[in-house]
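If you want the building blocks of each chain, they are given just below.
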Amino acid sequence: MSLDAPPPAPRAEEGPQVGADEWVARQARRREYLPSWLGRAQRLGDRVGWWPRLAVAGLAAAALPLLGLGGFQLQVGIDALVIALLAVGLNIVVGWAGVLDLGYVAFFGFGAYGFALVSSGQIGADGIHLPSYVSIPLVMLAAAVLGLLVGLPSRRLIGDYLAIVTLFFGEAFVEFTNNVAPGALGGPNGIVGIDPVSVFGHKITSNGGYYYLLVVVLVVTMAVLRLLEFSRTGRAWRAVREDPLAAASMTVPVNWVKLMAFAFGAAVAALAGTVFVAQQISVFPTDFDTPILILVYAGLILGGAGSIAGAATGALVVMVIYDGLLRSPSDSGYLFYGLILLTLLVKLRPWRRLAVVLGACVAFGFAAHAIAAAISARAVAGGPGSTGWIASALHDWVIVPANATVAGNYGFVALVCLLIALVQAGPRWRTILLVPALYLASFVWETRLVTEPAITRQLMIGAILIVMMNARPQGLLGQRRVEAIT
Amino acid sequence: MAFFFQELVNGVTTGALYSLVALGFSMVYGVLKLLNFAHGDLYMVGAYVGFFVIQWFGGPTAVSIPVPLLLLIMFVLAAAVVGGLGVAIERFAYRPLRDAPRIAPLITAIGISFFLENAALLLFGAQFRVYNTADFISLSSGITIGSVTIDSVQIMVLVLGLALMVGLRELVNRTKLGKQMRAVAADREAAEMMGVNVNFTIAATFFLGSALAGVAGVMAGLLFNQVTPTIGFIAGLKAFTAAVVGGIGSLPGAMLGGLLIGVAESMITGYAPPGYSTYTNLFVFAVLIAVMLVRPSGLLGRAQLQKV
Numbered sequence: 001m002s003l004d005a006p007p008p009a010p011r012a013e014e015g016p017q018v019g020a021d022e023w024v025a026r027q028a029r030r031r032e033y034l035p036s037w038l039g040r041a042q043r044l045g046d047r048v049g050w051w052p053r054l055a056v057a058g059l060a061a062a063a064l065p066l067l068g069l070g071g072f073q074l075q076v077g078i079d080a081l082v083i084a085l086l087a088v089g090l091n092i093v094v095g096w097a098g099v100l101d102l103g104y105v106a107f108f109g110f111g112a113y114g115f116a117l118v119s120s121g122q123i124g125a126d127g128i129h130l131p132s133y134v135s136i137p138l139v140m141l142a143a144a145v146l147g148l149l150v151g152l153p154s155r156r157l158i159g160d161y162l163a164i165v166t167l168f169f170g171e172a173f174v175e176f177t178n179n180v181a182p183g184a185l186g187g188p189n190g191i192v193g194i195d196p197v198s199v200f201g202h203k204i205t206s207n208g209g210y211y212y213l214l215v216v217v218l219v220v221t222m223a224v225l226r227l228l229e230f231s232r233t234g235r236a237w238r239a240v241r242e243d244p245l246a247a248a249s250m251t252v253p254v255n256w257v258k259l260m261a262f263a264f265g266a267a268v269a270a271l272a273g274t275v276f277v278a279q280q281i282s283v284f285p286t287d288f289d290t291p292i293l294i295l296v297y298a299g300l301i302l303g304g305a306g307s308i309a310g311a312a313t314g315a316l317v318v319m320v321i322y323d324g325l326l327r328s329p330s331d332s333g334y335l336f337y338g339l340i341l342l343t344l345l346v347k348l349r350p351w352r353r354l355a356v357v358l359g360a361c362v363a364f365g366f367a368a369h370a371i372a373a374a375i376s377a378r379a380v381a382g383g384p385g386s387t388g389w390i391a392s393a394l395h396d397w398v399i400v401p402a403n404a405t406v407a408g409n410y411g412f413v414a415l416v417c418l419l420i421a422l423v424q425a426g427p428r429w430r431t432i433l434l435v436p437a438l439y440l441a442s443f444v445w446e447t448r449l450v451t452e453p454a455i456t457r458q459l460m461i462g463a464i465l466i467v468m469m470n471a472r473p474q475g476l477l478g479q480r481r482v483e484a485i486t
Numbered sequence: 001m002a003f004f005f006q007e008l009v010n011g012v013t014t015g016a017l018y019s020l021v022a023l024g025f026s027m028v029y030g031v032l033k034l035l036n037f038a039h040g041d042l043y044m045v046g047a048y049v050g051f052f053v054i055q056w057f058g059g060p061t062a063v064s065i066p067v068p069l070l071l072l073i074m075f076v077l078a079a080a081v082v083g084g085l086g087v088a089i090e091r092f093a094y095r096p097l098r099d100a101p102r103i104a105p106l107i108t109a110i111g112i113s114f115f116l117e118n119a120a121l122l123l124f125g126a127q128f129r130v131y132n133t134a135d136f137i138s139l140s141s142g143i144t145i146g147s148v149t150i151d152s153v154q155i156m157v158l159v160l161g162l163a164l165m166v167g168l169r170e171l172v173n174r175t176k177l178g179k180q181m182r183a184v185a186a187d188r189e190a191a192e193m194m195g196v197n198v199n200f201t202i203a204a205t206f207f208l209g210s211a212l213a214g215v216a217g218v219m220a221g222l223l224f225n226q227v228t229p230t231i232g233f234i235a236g237l238k239a240f241t242a243a244v245v246g247g248i249g250s251l252p253g254a255m256l257g258g259l260l261i262g263v264a265e266s267m268i269t270g271y272a273p274p275g276y277s278t279y280t281n282l283f284v285f286a287v288l289i290a291v292m293l294v295r296p297s298g299l300l301g302r303a304q305l306q307k308v
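From first to last, the protein sequence lines stand for chains F and L. Under my numbering, think of the first position of the first sequence as 1, with each following residue one higher. Under my numbering, think of the first position of the second sequence as 1, with each following residue one higher.
Just so you know, these hints were derived from the structure itself, not from any lab. Since this is a predicted model, take the numbers as computed values, not measurements. A virtual CB, placed ideally from N, CA and C, is assigned to each residue, including glycine. A hint or two may mislead.
Okay, the calculated bits of chain L under chain F, using three or more residues with CB under 8 Å as the criterion [what the hints assert, rightly or not]:
no.	region
1	107-114
2	121-128
3	231-241
4	285-295
What the simulated footprint calls covered on chain F by chain L, stretch by stretch (three residues with Cβ under 8 Å from a Cβ of chain L suffice, anywhere in the stretch; the number is not a length) [unchecked claim]:
no.	region
5	174-187
6	459-471
Example chain F residues on the side facing chain L (calculated, C-beta under 7 Å, incomplete) [what the hints assert, rightly or not]:
no.	residue
7	Leu100
8	Pro153
9	Ile164
10	Val165
11	Glu171
12	Ile294
13	Ile455
Please model the complete structure; the sequences and the hints are all you need to start from.
Okay, structure coming up:
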């Protein structure tokens, strides 16, 4: 009896594999792509794998200063990179382990204060001046231990309770640095005169140097986290996020896994803190207040919790808008009107409808301006708050009364009400309401928002959180999870 | 001893205020299982409504209508405006997320809190707005027992606070709406199948809870005199602490927690050695963390079995 040729061994990619559930494997590979050319770009990006993408992004970031960025732009870049590093670390805790950590900024502050204490003249007669290659790992390790301690209550507390404890931990940290041990921590005056980071004996003192350092640190951290994501621990984190009970019955040590997420997140935050404080040369308790926490969350949510690239991109986008573009009236005008036009272009289909809405909006504005001018000259006495060609283009379109502040305030309240109505209305009314809403938005922008950039950018951060959670909870780059039906 | 009792009275008064904020917070948690981070900012809005009512009727030195009527308008308007705002927030931001993962509404709530705070900053400015309570309510017309004085505003806050708490208790325990609220809190799906209008019940809960925060805001304006856009955040944290210490979701617990926090705070400020009175907030947070670690379900809360 002759032996037949043995059947060909099933190829690794196809067919059932031992230990892999077919359905799970298929679901894991399935992802949603954005419509049109964005989706094609995503598919192309998927084909080349993660490390070429990361390398290209890193090189692009490193090439940016060569375009001749000034001191201000460089500072914006540094702040953005610090927040991006924080968002990438927060992604471990919130995105992967699914634990809401509202005290995350405290670890950032711990790293900053820790580095400041061991690299300045603050303690003792001569101070402590540890070299960076000792102090940074030391501070990260200490932060990881602190993260374990803060995470310990997660053994008993689930969900919301843990969020509360961490929130209070964050608040307590600010109170602590403000009040306790003013000799060592400096109270509200903080610590000044901190040593720079030295790399291979070379002290980094310029902003450009810190920019490159942060790019390298961010890229390396992202690469390490990418390896971690698909490691045993990374899979355990996601299992715990999806269903702690199921994970526990699959012998995942749920508590320990959560604690590890806390520790890893804290270490990354502390790393960001050390570089941040060395670049600033000083550290104050207000650097770690709630607005920073909300910024980091806004970046993470915008980019998509659960995705490393999403967290970093989201944080960079948020910070460049928040810190860079919203500072000057002309830039913020481009941003505001550009975003509105972009949203309309993407969302309003078919083209005829878009043309009708835009045309109606232009006509509505000129008509309203003419009527208001005919009734009273005071009603149009003010000029638009924007500068440059936007102002001259809008001069006869948007009504800006003499006392613009009060009118702008009423306009703001009306705009919020109108936007709520817009969301709740049916499709037909939505198109009709869109015209006054656009006009009102421009009115509020020209009378009020453009003159208060500091408040406007905070409002924008709040709005990002609310809108993203309602419209696209997985973020711009995140993937919609396949929800198990319970 | 007189000092002790004076501090106790002050503590109980601020405690009553914290209790009102904590009650609304706890009610919302009860029906939606949502930590409404925006609750403290609703309280801030209430304080501003009270301030603008005083300005509308001629300012604190020249009030054009009888003072009791003014107070009535302040409280009712604050309750109505803030209650309405609460309902709008629920309808606009929380209802679409009712079946989303737990983390989504929490982050939305943080966003709303930040948005409200900065909207107030835009509309009302960062400067202190002052009620000048002493200009239209004579504070000396209170009660004096021995050397302990309870001024008229404190009496009003205590009486009104107590009345609202008793009223809320009766509402939750005796009325049909209260029954529906308890049913939704116990099991939303089952309540819906039994014919409870869940959306209406949740909206009503938001209205009541937010209205209480609005009333507490006016009280805070009368008691502490100062209003800024940032008072909401710290008051929200205190109310959090109160609700959690008492047992989140439990209404008597929220009242007890509020009183405890108020009294503890006033005792620390009164008895702390000089230079240490800034430790008040730190202490409050430490108490909270300790309670959470030792008894996570709070003083009056019941430990919950996690349903699978």
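Exercise. For the region 285-295 of chain L, do three or more residues have a beta carbon lying closer than 8 Å to a beta carbon of chain F?
Worked result: holds (count 6)
For this session: Against chain L, run the beta carbon of Ile455/F and see if the smallest gap drops under 7 Å.
Result: Nearest chain L Cβ about 5 Å off; hint holds.
Problem set entry | Residues of the region 459-471 of chain F with Cβ under 8 Å from chain L, three needed, outcome | holds (count 9)
For this session: Could you check if Leu100/F really has its C-beta closer than 7 Å to a C-beta on chain L?
Result: Status holds, d = 6 Å.
Exercise. Once the shortest beta carbon distance from Pro153/F to chain L is found, is it less than 7 Å?
Worked result: holds, 6 Å
Exercise. With 7 Å as the cut and Cβ atoms as the points, is Glu171/F at the interface with chain L?
Worked result: holds, 6 Å
For this session: Using 7 Å as the Cβ threshold, decide whether Ile294/F counts as touching chain L.
Result: Nearest chain L Cβ about 5 Å off; hint holds.
For this session: Test coverage of the region 231-241 of chain L by chain F using CB-CB distances below 8 Å; three residues minimum.
Result: holds (count 4)
Problem set entry | Verdict on chain L covering the region 174-187 of chain F, criterion of 3 CB contacts below 8 Å | holds (count 5)
Exercise. Holds or violated: is the Cβ of Ile164/F closer than 7 Å to a Cβ in chain L?
Worked result: holds, 6 Å
For this session: Examine the region 107-114 of chain L: at least three residues should have C-beta closer than 8 Å to a C-beta of chain F.
Result: holds (count 7)
Exercise. Does the region 121-128 of chain L contain three or more residues whose Cβ lies closer than 8 Å to a Cβ of chain F?
Worked result: Coverage by chain F holds for the region 121-128 of chain L (3 residues, Cβ < 8 Å).
Consistency with the previously given hints is maintained throughout, with no hint failing.
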